[in-house]
Amino acid sequence: MMQGDSGRGGAAVGALAVLFLTTGLPNRLTAQDSQYGVQGLGTPGRWESVRARSTGGAFAPFDLTSPLMEASLADAGRLVAGAMEGASYRRSELAGTATSLRETRFPLMGLAGRVFGHFAVSGGFTTYLDRSWDVTIRDTVVLRGTPQPYTDEIASDGGVADLRLAAATRLRPWLAVGAGVHLLSGSTRVSATRRFDDSTSYQRLQQSDEVSYDGFGLSGSLLLDLTRALRLAAWARSDDRLRARVGSVVTAETDLPNMIGGGVRLAPSPSARLAAAVAWRSWSDAGPGSFNTLSWSAGMEVGSGLGPFRLGVRGGQLPFGPGATAPTEFGIAAGTGRAFAEGRGIIDIGLEHLRRSGGGLKERVWTFLLGLTIRP
Amino acid sequence: MRPGRILWLAAVVGAAACVERATAPAVCPAYCPNGSLTVVDTLLSGAVSRDSAYRGYVPAHRAGVMLAAALPGIDSRAIFALAPLGVRVQLGTDTTTFPIVGVDSLRLFLSITRRDTAAHNLTLALYRLPHSLDSTTTFADLAGAFTDSLAKTVNIDSLLARSNGKDTVTGDSVAVDTTKRVAVVMKLDSSQVPYTSADSGRLALGIRVGADSLASIALVVDTIRWFVKVDSIHGSDTTLVHKLYARGITFRSFVIDPPPAPFGSMLAVGGVPSARSILRLSVPRAILDSSQIIRGTLILVPAVPASGAPADSFKIEAHTVLADFGAKSPLVFDATRTDTALIRIGATDTLSIEITNLLQFWASDTLAPHTVMLRSQAEGANLAEIRFFSSATPLSAPRLRLTYAPRFPFGLR
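If you read the sequences in order, they're chains A and B.
In this text, residue positions in the first sequence follow this note's numbering: the first is 995, and each later residue adds one.
In this text, residue positions in the second sequence follow this note's numbering: the first is 198, and each later residue adds one.
Calculated from the structure, these hints are not laboratory results.
Glycine included, each C-beta is placed from N, C-alpha and C at the ideal position.
Any given hint could turn out to be false.
What the hints assert, rightly or not - Chain B is faced by these chain A residues, among others (derived, beta-carbon under 8 Å): (1) Leu-1035; (2) Asp-1128; (3) Ala-1238.
Unchecked claim - Going by beta-carbon spacing under 7 Å, a handful of chain A positions derived as facing chain B: (4) Gln-1029; (5) Leu-1088; (6) Arg-1096; (7) Val-1129; (8) Ile-1131; (9) Leu-1137; (10) Ser-1181; (11) Val-1184; (12) Ser-1193; (13) Leu-1199; (14) Gln-1201; (15) Asp-1203; (16) Ile-1343; (17) Lys-1356.
Please work from the sequences and hints to get the whole structure.
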């Protein structure tokens, strides 16, 4: 981890916090979207901080500000609060048509600290599923004997958040364990609009409603230090069902996946760290059009103090897609960070590029990541 | 903080600034959402019931204009009474009055507000009528006067062809203003419109219109100006004073032959006195409450061709009502809750009136009566009338065609 630079006091931390929060009001606490999530449950969140995401996600199992694993909280020395923002620029190519999309998301916020001696607890939220999308459909319908061209716009705005309460402790100097409960909660504002070309005869059709979601999950994890330089991580999580409600009526119940994953981190020197991680998720439980996914990542972090450099790659599958096989994803990421106010404030930045393909769709995504960690 | 650090922070903040553009074209079904909008179009044959027609909303004497027409099957004549001149008048500023001993002439100012420009040799014939005009006066009551009491005839087309629209011999003139309104001044001498002191100079006049064809006008009488002779003998001065006095209208109407026929089992809209039709609609609750209506059309089958002057194409308005009190139901005069349809004279085509606005209003106000009142947009302003088959004639009964969208399936996976 980074060390603080020359003292500037809490004022600098405050200034950074203000800057971060005024960059743009958080209209959505969701993650990065994808057209692959339109017909499925959505686009799963990353559960990674900017630091971990800048390494392709390889450091997520070992990063206490990433809500992937609980056992890493055992390394929390004092109160830590973190949040991140991501601004994505996405190019989607489908059926010969390219569309440029962009969105800003605030997918992560959390608080962690040590209580009762060896125990560390954490609370916060991250994106479980992003369900924000807006599609337009051009078609024709025969009404009263006459073909009537129209344009439909169906939009969903919102997502499902993972509210996590986690605890961890170090049972042995070489073994840390953790567990967490996850409340899945969220809502989407769905609107469906049809505009007929003949707007004189046929009025605009517009319907909207709010769909709320809830679910529950449990997770557990452990960290095992084989040597001072080599650390292993393992985690598992099980979520039950995601219930969709319109008003008080349950309109859909979808099984959520079980997940297992692991990672390894090698720190040959204090200023160089390498990590790799893998995760498997049984998203096919969610029904037709869903696939189990296996994702991997590898990354490194070199340097410390004023400016560490992070680099990573990731790959794997996406859980939802129209074809017989799961869409695939490959990405590279890089980033750095900077500590302020004697290490009480850390700002991390990262840049991620993703390439997704499958089912006739190609997506290219550039995401700028900005994270703020405060240690009062 | 140092300037370099501020710049670095500014760059970071700028790069992370909020951006949003989420709309993308979809390719269905692979990349379309589960669930879609569906539209249903249905014809409800029995949706209209308890429909009937009423007449008398705007009688001739309350119409905004007088209608004069001489068309095949329609003869309409304008009638009006003028305020009496009196037998004595003031000459100066004091209250002394002097007797009227005679009339030089008078000028009648009237305006033709609507005419068929295809009519040629448009003439106005002015008749003296009995002073007993009122709202009960009928065409037959005045048949004699309109036969033997002609005061003057003016050919409007001839006047328009003259320089400045004036006939310097007769003193008549016409002028057309920017609104196509034809202002007519008719000069009458004392033989054409004699002053009778026993009647205090009371006048009642009537106007018939004529033309080669298509004789139909709407007119208003603005005023009349008397040029009178007053005996103002003061001492040895025996000069008769010539003064001008204006008088307005006290009553105006028009009489029509033949009078409107009974409705029978038909619905009717328009005519004079104006007729309205009331229709009660039964829209299934499942459509009105749970769907969004995007088009609603009331379909009416004319029982006879629309009658009236050929130029009198008119608009029918479909209003909803505040409360259903039958013929006296108060209408909702709100442009957003009113739909219209154009009727052409002589047409027998099935009439479709879009009533989408009314249906959407009923969907938003569940207490509103599902009642439609049909009326002419310009009630009493023209002679046009149309009659439809009512629900008493099942084969040609009014029908309702609805295009609506059931509720979008929100909350699918």
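Tested hints:
1. Leu-1035: Result: holds, 6 Å to nearest chain B Cβ.
2. Asp-1128: holds, 4 Å
3. Ala-1238: holds, 5 Å
4. Gln-1029: holds, 6 Å
5. Leu-1088: holds, 5 Å
6. Arg-1096: At 4 Å from the nearest chain B Cβ, Arg-1096(A) passes the 7 Å test, so the hint holds.
7. Val-1129: Check passed: Cβ of Val-1129(A) comes within 4 Å of chain B, closer than 7 Å.
8. Ile-1131: holds, 5 Å
9. Leu-1137: holds, 5 Å
10. Ser-1181: violated, 11 Å
11. Val-1184: holds, 5 Å
12. Ser-1193: With a minimum Cβ separation of about 10 Å from chain B (threshold 7 Å), the hint on Ser-1193(A) is violated.
13. Leu-1199: For Leu-1199(A), the interface hint holds, since the closest Cβ of chain B sits about 5 Å away, which is under 7 Å.
14. Gln-1201: This hint holds: Gln-1201(A) lies near chain B, its Cβ roughly 5 Å from the closest one there, short of 7 Å.
15. Asp-1203: With a minimum Cβ separation of about 4 Å from chain B (threshold 7 Å), the hint on Asp-1203(A) holds.
16. Ile-1343: Hint holds; Ile-1343(A) Cβ to chain B Cβ min 6 Å, cut 7 Å.
17. Lys-1356: violated, 12 Å
Hint check: violations occur at hints 10, 12 and 17; the rest are consistent with the structure.
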